[in-house]
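Visitor: With the hints as your guide, set chain B with the ligands onto chain A.
Here are the chains, one letter per residue:
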Amino acid sequence: MATYDFIFDSLGLRGWCGDADDGTAGGPMTMEQLLAGGAKAQPAEETFGLSDVWNLPFPSLDALNAACPSVARTRDMTRGVEQSFLAVKDGLKVVLDPLTQPLSWLLEGALYLFQWTPWWLMIPILALVVFYASKSARLVGFVVGALCFLAFIDHYSFAMQTLSIIFVCACLCVLIGVPIGIAMSRSDGLQRAMIPVLDMLQTLPTFVYLIPLIFLFSVTEPKLYGIAIILYAIVPVIRLTDLGIRLVDKEVIEAADAFGMTDRQKLYGVEIPLALPNIMAGVNQTIMMSLAMVVIASLVSAPGLGVLVLRGIRNLELGVGLVAGLGIVLLAVILDRVTKAALARVNAASSLPRH
Amino acid sequence: MSKTTRISIRNLYKIFGADPERALGLVRNGVGKADLLKKHGHVLGLKDINVDMGSGDITVIMGLSGSGKSTLIRHVNRLIEPTAGEIVVDGEDVLRYDAERLRDMRRKQMSMVFQHFALLPHRTVRDNAGMAQAVRGIDRKDYERDAEKWLDRVGLGGQGHQYPHQLSGGMQQRVGIARALTSNSPIMLMDEAFSALDPLIRTDMQDLLLELQGELHKTIVFISHDLDEAMKLADHLVILKDGAVVQQGEPQEILLHPNDPYIVDFISDINRARVLRVRSVMEPGAPDPEEGVAGEVDADDTLESVIARSGGDTSHSFRVMQGGRRVGVLNMQKLVRALVPTRAAEGGMRKRAT
Ligand SMILES: Nc1ncnc2c1ncn2[C@@H]1O[C@H](COP(=O)(O)OP(=O)(O)OP(=O)(O)O)[C@@H](O)[C@H]1O
Ligand SMILES: [Mg+2]
Numbered sequence: 101m102a103t104y105d106f107i108f109d110s111l112g113l114r115g116w117c118g119d120a121d122d123g124t125a126g127g128p129m130t131m132e133q134l135l136a137g138g139a140k141a142q143p144a145e146e147t148f149g150l151s152d153v154w155n156l157p158f159p160s161l162d163a164l165n166a167a168c169p170s171v172a173r174t175r176d177m178t179r180g181v182e183q184s185f186l187a188v189k190d191g192l193k194v195v196l197d198p199l200t201q202p203l204s205w206l207l208e209g210a211l212y213l214f215q216w217t218p219w220w221l222m223i224p225i226l227a228l229v230v231f232y233a234s235k236s237a238r239l240v241g242f243v244v245g246a247l248c249f250l251a252f253i254d255h256y257s258f259a260m261q262t263l264s265i266i267f268v269c270a271c272l273c274v275l276i277g278v279p280i281g282i283a284m285s286r287s288d289g290l291q292r293a294m295i296p297v298l299d300m301l302q303t304l305p306t307f308v309y310l311i312p313l314i315f316l317f318s319v320t321e322p323k324l325y326g327i328a329i330i331l332y333a334i335v336p337v338i339r340l341t342d343l344g345i346r347l348v349d350k351e352v353i354e355a356a357d358a359f360g361m362t363d364r365q366k367l368y369g370v371e372i373p374l375a376l377p378n379i380m381a382g383v384n385q386t387i388m389m390s391l392a393m394v395v396i397a398s399l400v401s402a403p404g405l406g407v408l409v410l411r412g413i414r415n416l417e418l419g420v421g422l423v424a425g426l427g428i429v430l431l432a433v434i435l436d437r438v439t440k441a442a443l444a445r446v447n448a449a450s451s452l453p454r455h
Numbered sequence: 007m008s009k010t011t012r013i014s015i016r017n018l019y020k021i022f023g024a025d026p027e028r029a030l031g032l033v034r035n036g037v038g039k040a041d042l043l044k045k046h047g048h049v050l051g052l053k054d055i056n057v058d059m060g061s062g063d064i065t066v067i068m069g070l071s072g073s074g075k076s077t078l079i080r081h082v083n084r085l086i087e088p089t090a091g092e093i094v095v096d097g098e099d100v101l102r103y104d105a106e107r108l109r110d111m112r113r114k115q116m117s118m119v120f121q122h123f124a125l126l127p128h129r130t131v132r133d134n135a136g137m138a139q140a141v142r143g144i145d146r147k148d149y150e151r152d153a154e155k156w157l158d159r160v161g162l163g164g165q166g167h168q169y170p171h172q173l174s175g176g177m178q179q180r181v182g183i184a185r186a187l188t189s190n191s192p193i194m195l196m197d198e199a200f201s202a203l204d205p206l207i208r209t210d211m212q213d214l215l216l217e218l219q220g221e222l223h224k225t226i227v228f229i230s231h232d233l234d235e236a237m238k239l240a241d242h243l244v245i246l247k248d249g250a251v252v253q254q255g256e257p258q259e260i261l262l263h264p265n266d267p268y269i270v271d272f273i274s275d276i277n278r279a280r281v282l283r284v285r286s287v288m289e290p291g292a293p294d295p296e297e298g299v300a301g302e303v304d305a306d307d308t309l310e311s312v313i314a315r316s317g318g319d320t321s322h323s324f325r326v327m328q329g330g331r332r333v334g335v336l337n338m339q340k341l342v343r344a345l346v347p348t349r350a351a352e353g354g355m356r357k358r359a360t
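In order, the protein sequences belong to chains A and B.
Counted the way my numbering counts, the first sequence spans residues 101 to 455.
Counted the way my numbering counts, the second sequence spans residues 7 to 360.
Among the hints, a few may not be true.
Claimed, not checked - Per label pair, the in silico range of CB-to-CB distance: (1) B:16 / A:297: 45 to 51 Å; (2) B:34 / A:347: 35 to 41 Å; (3) A:180 / B:106: 42 to 48 Å.
As the list claims (entries may be wrong) - SDA-like cross-link-like pairs, simulated, lysine to any residue; straight-line CA separation at most 20 Å: (4) A:366 / B:109; (5) B:114 / A:363; (6) A:350 / B:127.
Hints are computed from structural coordinates only; laboratory data are not their basis.
None of these values were measured; they are calculated from a predicted model.
C-beta: ideal position from N, C-alpha, C; glycine also.
So that you can see chain A by itself, here it is in the shape it has in the complex:
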């Protein structure tokens, strides 16, 4: 009958298998059936020829199940994952909901603030911030020009929505990520434990973040995309804080110890200032990654330019999508230039000794 009958026969497990008819009774479909749109699988050939060897199926869960119905099928497994997730979901929700509620408030508050401020106030404020960060009049000119352009083509409020989300998420990434990075630099054990987690966060396809989050929180809650963005974008800040502090000149740390600095004095007076160029490089990457994620997060109701891109795809409105994409590029350039300029200033202020 099925290819792998002989395994169970030779191991004398036939009795355990319960000898069901053809292995398709009850339960969810096999992966194959699922993909074939629910059509019944072809019954196995009776004669055994060369072509059977060529087409020998891998002894997968589904193939083994065909021989012995007691073996779980792959779909049973995915359903198991689903059910165990659903089982812990309620418990998780009780803990996570109140914990993450402030995130929703922050996002809503920022969204409101950025949109409530009239454009003729907002653009000068942003220009001031840019000037403070970069001390470069040219960059201020570029930023103001870009924002005015976006406003001119009526993308101003979308851009502000996107900016407000990035603002909140990037700030939280720094607030959470820098202490984690410092802790990692202090303990080799923690570093070993965190690196695989960070690797996973960085390599998981962005959509996969959204799947469990959709189950946990309702799609209308801002914290849903807030968490997705933070999880994705926090990685570089953590990594580079850890790296930056570990790279601080050992002799300078020795000097700090030799003059009797407390751990606190050392952290704020020596380690963080000397690690600042690296931390700032991490912040730059974090902001860029937030921007990438905020576009994808429009799938789960994040407002902003991403919504327009999504509309362009959904309704095949080519122009809408492309122009929104251009807006995102403009925002990306603005954010990148400003943070890089700030980074360059930090570097210049604390450039290392010549020797």
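Guide: Chain B with the ligands alone, transformed into the frame defined by chain A:
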């Protein structure tokens, strides 16, 4: 010269590795540095060190690279914890101190100058110089005055607003020294403080150190791998080899009576005329010779200066004076003999090595 002992290191051992306690047992049973590394995977940093450092003295620790000089000086302020032994400072065992007490000692008793300066690159020269006092919580207004004073003293007056990377290496090291001086600590630890400097600046800095020491009488532990420097600065010289003391004592004494082929080899290249002093080769208390003396020399003059005065004539003798008092006679022939390196140097370790 030494009056009272200020820092006393007793039976100090330091072993780097996974299980220093076990390795310590092996070392005490006579396993050497090379064997310990090859067979047991531990590095013997320091082995049974006993050194007394006198109050107001400059104690110079000398040795080749890797002989454990930095390791030793870092034990004095416990930047490195020993495997066994005692470190007694002003009569108290530093190893018994808790973190709080240790910090207090580092803040008030000791300051340190580093080979690669170790200045804070993001702080101005003035802030760097005032670092020790700032750490203690003293007001900026108060420590800035002190910082400026010492910066002035080391020749960096008016540069306080600059950042370390705007200064040359020699200037940066002056900042390092000003930083140590501004802490007003009675003990100064200097780990190869002048090694990174070029010869001219280096001589300047040595002179400056001696000049300052003449006023301040600090207890200085100075590390060097340069014999000329050690001879110039040391009141007490400690020579390390593979983590153990091979000889220690008055530098002139070591130069004239080396007790180990390693030291003989070490001193064979030195310009003896420049470092040996009249007091080390004179006949103390001897009467003036019958043929009379060619003049008077000071007991602390170098032989080089005496040779210059004699014009190369070896038939004279000089009367040796110290503080206006006659203390002995210097015979030129004895002087010339003292210039010949110790015999063993010719067949010493270097011959065997090459
Ligand atoms: N943290 C450490 N771990 C293992 N071995 C060490 C460590 N620190 C020093 N050592 C070893 O201890 C020995 C002495 O090193 P140390 O730095 O004290 O030498 P040094 O005399 O200061 O040399 P240099 O003149 O090159 O500065 C060396 O063999 C070195 O390899
Ligand atoms: Mg050293």
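Visitor: Decide, hint by hint, whether the structure agrees.
Guide: Evaluated hints:
Range check, residue 16 (chain B) to residue 297 (chain A): about 49 Å between beta-carbon atoms, so the 45 to 51 Å window is met. Checked against the given bound of 35 to 41 Å, the beta carbons of residue 34 (chain B) and residue 347 (chain A), roughly 39 Å apart, stay inside it. Distance hint check: the CB atoms of residue 180 (chain A) and residue 106 (chain B) are about 56 Å apart, inconsistent with the given range 42 to 48 Å. Between residue 366 (chain A) and residue 109 (chain B) the alpha-carbon distance is near 13 Å, which keeps this suggested pair within the 20 Å criterion.
For the hint pairing residue 114 (chain B) with residue 363 (chain A), the CA-to-CA distance comes to about 18 Å; that is within 20 Å, so the pair holds. Taking the CA atoms of residue 350 (chain A) and residue 127 (chain B), the gap is near 13 Å; set against the 20 Å cutoff, the hint holds.
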